[in-house]
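Fit chain B to the supplied structure of chain A, relying on the hints for placement.
This is what each chain is made of:
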Amino acid sequence: MISVLIADDQDLVREGLRMLLEAEPDLTVAGEAADGGQALAQARRLDPDVILMDVRMPHLNGLEAVTRLIQAGSRARILMLTTFNLDEYVYHALKAGASGFLLKDATREQSKRSTWILPSRSRCR
Amino acid sequence: MLVDAGIAIGGAGLTAVAAWGQAGLVGSKIAGPMWLLALLPLLVGVALVLRRRAPLLMWIAIWAGISLQYLITRDPPQELAFMVVLYAGAYSLGAHASVRRAAAGLGISVVMVLISEGALVALTRHSGSVGLGLDILAILACWLAGVFVRARRQSLALAGRNAELQRQAAQAAAAERARIARELHDIVAHHLSVIVLQAAGARASGKAEASLAKIEDNGRQALAETRRLLGVLRETGEETGLAPQPGIGELDALAGAVRAAGLPVTLVIDGDPAALPAAVGLSVYRIVQEALTNVLRHAGPACATVRIGCAEEAVTVEVTDDGSGEPGDWFPLSGHGLAGMRERAAIFGGQLSAGPAPGGGFAVRARLPLGDRS
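Protein chains in written order, with my numbering: chain A, 1 to 125; chain B, 1 to 374.
Everything labelled a hint here was simulated from the structure, so no lab data went into it.
We treat Cβ as the ideally placed atom computed from N, Cα and C, and that holds for glycine.
Please note that a few of the clues may not be correct.
Straight line, CA to CA, 25 Å or less: simulated BS3-like cross-link-like pairs of lysine-lysine [unchecked claim]: (1) A:Lys112 <-> B:Lys29; (2) B:Lys207 <-> A:Lys112; (3) A:Lys95 <-> A:Lys112.
A partial selection of chain A residues facing chain B, derived with a Cβ cut-off under 10 Å [what the hints assert, rightly or not]: (4) Asp11; (5) Glu15; (6) Gly16; (7) Leu17; (8) Leu21; (9) Thr67; (10) Thr107.
Isolated chain A (complex conformation) (with noise of 0.2 Å):
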């Protein structure tokens, strides 16, 4: 069973993705986060297998979210969401530490795919 922590601004995309992924057998949100402080202290207390973590969110944004989540040591795979692939803030996500990032139109199966592929990946750097 791998687990999954949601961190994204709007309740309606989490809302969205977490029925997507309950819908596989073996995949389990384990939490869900509004901006990245709340993402910090649910990786922290939940300890995911897997973060989707939104780029734009109030407070502390995605980006420096996945910093300070590499520099705690967190084993979770850091996945960014993003609308747009060529958005330059992914290429920052990568470079901090994030392991890929998913469009947030991806299909069932890419995002299924994704989620689950990634915990048997090392972090590329």
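This is chain B only, laid out in the frame that chain A set:
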């Protein structure tokens, strides 16, 4: 300035040679006591060093020297050195003093001629002829040449400034467009992400009913926001790029278009707008357009009055309405409208204020100074 110093040394040298050198070397010799001959190159020649910094003072110094020499020696100032310095001085006076000071300089020299003439006649009964010694027409021609050069230089500078203002206005418009593009991007990204994820989630989970309602809701919101943004774009005149930029002259047509959209508008233009630089006219047009657009959107049933005042030193713009627009209703797009108007006024060093009017309704007031156009 090196050039001015050179000219001054030249003038002083010429005067000194005429005063101290052999007669006939540079026209007739300047006569007079030693102290006068020592003083003249300073007054008449060295004064030229001030030709740019203090042209009127330079002119008075030259004339003081010539008048003094005339009073003492009674020789009409016919020396070539005097003539050359006077021509150079007259040109400098016209080219570097304001028109008013340049004219005053001419007046002062006439007065000095008359005074020295009068003093000489009163003291010695000798009928003077200082005026006859001068080539008045040539001096006047040099002065006029200077005035013309100055006017030409100023109109070139004004044209340059105008072009710069137009460039800044175009830049502000481009920044506005970029901002609108970003907002459009955000709207689309925000709502479409929700729509796609809700649809995908609903399909995966089988809970379609609730998701469909959210999808419908988000679709409607996205459309409404996009429509509003595009409305602003169209209203702020997204021209084809082929039509010339509008100015005060197009305000009439703008008022007509706004009237056709259901808002009665009164347009009053005081003063002569013809003399306004095109860049200022464009900004006035844009400010009025933005203000009327906001009245149209937020004031409810209302009448609007647009008043443009064109004066020598500034243009004033006033757009008032008697509607019920709450200030909070204004500029829902992150203050875009007001900020845009402020930017436009700021380009010209002007101010813009917007707020509820004391007698009800809303008022936008702007003042764009026209700067130094003397």
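Hint check results:
1. A:Lys112 <-> B:Lys29: 108 Å, violated
2. B:Lys207 <-> A:Lys112: 19 Å, holds
3. A:Lys95 <-> A:Lys112: 24 Å, holds
4. Asp11: 9 Å, holds
5. Glu15: Hint holds; Glu15 (chain A) Cβ to chain B Cβ min 7 Å, cut 10 Å.
6. Gly16: 3 Å, holds
7. Leu17: 6 Å, holds
8. Leu21: 8 Å, holds
9. Thr67: Hint violated; Thr67 (chain A) Cβ to chain B Cβ min 23 Å, cut 10 Å.
10. Thr107: 7 Å, holds
Against the hints set out earlier in the document, violations occur for numbers 1, 9.
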